[in-house]
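Here the protein sequences line up with chains E and P, keeping their order. For any residue, its number in my numbering is found by taking its place in the first sequence, counting from 1, and adding 24. For any residue, its number in my numbering is found by taking its place in the second sequence, counting from 1, and adding 596.
Derived from the structure by calculation, the hints contain no laboratory data. C-beta: ideal position from N, C-alpha, C; glycine also. Any given hint might turn out to be false.
[Stated by the list, open to error] One side of the interface only, derived from the structure: several residues of chain P facing chain E at Cβ under 10 Å:
no., residue
1, Glu635
2, Lys689
3, Gly693
4, Thr695
5, Asn698
6, Gly699
7, Pro701
8, Lys779
9, Ala831
10, Phe834
11, Ser835
12, Ser837
13, Ser921
14, Thr980
15, Met984
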Amino acid sequence: MLPFILKRLGLALLVAFTVSFISFSLLFLSGDPAAALAGETASGEDIEAIRRLYGFDRPMIVQYLEWLFAAVRGDFGESYYFKLPVAGLIAERLQVTMTLGVCGISFALLTAVPLGVAAAVRPNSIIDRVALFLSVAGQAMPSFWFGLILIVVFAIQLGWLPPSGADSWRHFILPTIVLGYYAMPAIMRLTRAGMLEVLNSDFIRTARAKGAGEGRVMFKHALRNAIIPVVSLAAVQMGFMLGGSIVVESVFALHGAGYLAWESIARNDLPTVQALILVFSMFYIVFTFLADVLNAWLDPRMRSS
Amino acid sequence: MMINPLLKTTALVAVAAAAAAPAFADKASNTLNVAFTKELENVDSYFNSSREGVVLQRAVWDGLIYRDPETNEYVGNLAESWEWIDDTTLEFKLREGVTFHNGEPFNADDVVYTVNFVADEQNGVKTQRNVNWMESAEKIDDYTVRIHLKDKFPAAIEFLSGPVSMYPNEYYAEAGPSGMGLKPVGTGPYKVTDVTPGQHFVLEKNENYHDSPKGQPEIENIDIRTIPDVNTQMAELFSGSLDLIWQVPADQAEKLATMDQFTVANESTMRVGYLQMDAAGRSGENPFTDKKVREAVNYAINRQELVDALLKGKSREIYTPCFPSQFGCEEDAATTYEYDPEKAKELLAEAGYPDGFSTPFYAYRDRQYAEAIVSYLNAVGIDTDFKMLQYSALRELNMDGEVPISFQTWGSYSINDASAMVSQFFKHGSLDNTRDDQVLEWLDVADSSTDPQERIEYYTKAIERITEEAFWAPMFSYNTNYVFTDEVAYEPTPDEVLRFTDMSWN
């Protein structure tokens, strides 16, 4: 097991650095970093002064290697934009994003899995139709729109919840629903499909034949097998939520890591973007790894391989 | 995010208006809640380049001089008086008895430290233009100080009344720009009690504010949050958790104006929208090197229609390569090109393009304006390959001289002097696509003369030539909308700066 983990870890680091090199190059291609840094009000002379000050006039590969050697030592430098250490900036913003991501995926799983099971138990029933409608609506409705509707209803009309901000747990309710709802349809459809397939298989018939109760058949036998692909999907969705909650963070004025990444790209804030990309790619790698472990735990056949 | 803002807005306003509960402003708690749209990088005003930064700078710090935003007259603020010792030396008598928010007394040492710090390019002040005209400062006695200029610079007074504010020497030496950004200390009407970088700024009235021309602050607390989405800002306004928003787009402001509980105030800004054309041929052989083609472009644009249909408010047609309120920006000097598409076609035919021609067309902001402009050009036969770029990407292309025609805007950093615009683009710098020696010569005289009459004379000559040669197609000025609840009393000024000292409760 240990060589396997080490091999995966080495591969993961390689992936992370490849990603960071590509993103570094793309940032240079997307516009003059000195001009972006100087801002729209800057004159040509301002930009030249900044170019010299930050060393943008040197070859790109030199600047990348410089960043890389510092990053390996754990030094992510100072944000060009905020003039603050990148590590502290990201740590602060990640709290919001992590809270939102964990709440979002929990909301999605807690609603989607029961709905998917119910839909599979009675295919083409009313429950199945409602579940289908919800998943189509969830896929079709852009999150900024859904978010605004929730704000109008729950913050303005009913006045139950605050419209935006991150000051208390109540501020996280609406963004959790929006973010979670976006991940819900895929999880639900996969649960339903998995359940349908498993319910028609031989070992379920055997379980039923030996007189197991319907609840035991559903949860011990069927769901445990049907949930395996859902776990992998949920892990990927979790990675997506941590790196891709940009729209939700922007609508609800949550200053999280996703929004920071979006803004930092527009501002050509190289140290911040580089560190964020590293963090996000680590998330994907870690969550995929966790999904494998979970799957192994759920499915003994995978442990041996 | 590729989201149609109109679609969002219309629906939100429709639904919210139907629901409109009475707004609960925070008059009771004496706290004004304000939204910023952009994340401010650093509260230290020498290390940011955004409008939000200017707003905080005016609230937290003071300059030696103050320009009255209504009369444009200069009066003393931290200085009681000033005089030119020679063409490059200014002497100031400082106000006595002023203290910084941390209790440090204000005197000549603070001025000397601040000026010497910001004037040193090594310290990396972000907007160099605001400070790089100063050489150094020298203490004469505790309340007398001299500022030495690098060269003749008549706009010095304007800069000293705007972006150059005075910092406490002992504190700044210790805290530096990052420390100042997190715990700002100034002499201004408001002190900063809390900063979450980019997100949240809390200000409190300075009870010991000196007898400044800015006036005394009335509102006790100002609470500023960054809310990037305009629609969310409006939702906060409806639910009563915001009292004032600004930079509200015209279509939204129009709808909010129909509702009783909000006041919508519109003011012009110094920002001018114009077409820049490659008259110098930096991008190689191109039609815009021909004066007739540039004139045709000027005739093709229906400026009044752009103002009426898109910009609205206090925007107006502009024919000068500067904003008319700026010193030296004489409107009468400019050749005006009334909308005349037929004449534009004739001119194109005379220039050898009876069937028009095609060209890349670049823009970086306000897509809907850019598209309207493109359609005017198409109508007279100029085919355009429309390219919308990030600001920094277009800037890079432009500096490398690869842009035949582009839609540009310039806000002059709210500096009320023609040098802040016309001299930025016509003095053979990296963004000058004209490279006219005659204009350069005149602008050099106007920029460095200390005789106001001579300055006007030479700016006028430059403007006459620039517009007669149709080097640019200036089109319109911008405006901005301020929306606040009926409990707030405020009259915005034309310089796009929120002034908390001018605000009070109704």
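Identify every previously stated hint that the structure contradicts and give their numbers, smallest first.
-> 2, 3, 4, 5, 6, 7, 8, 13, 14, 15
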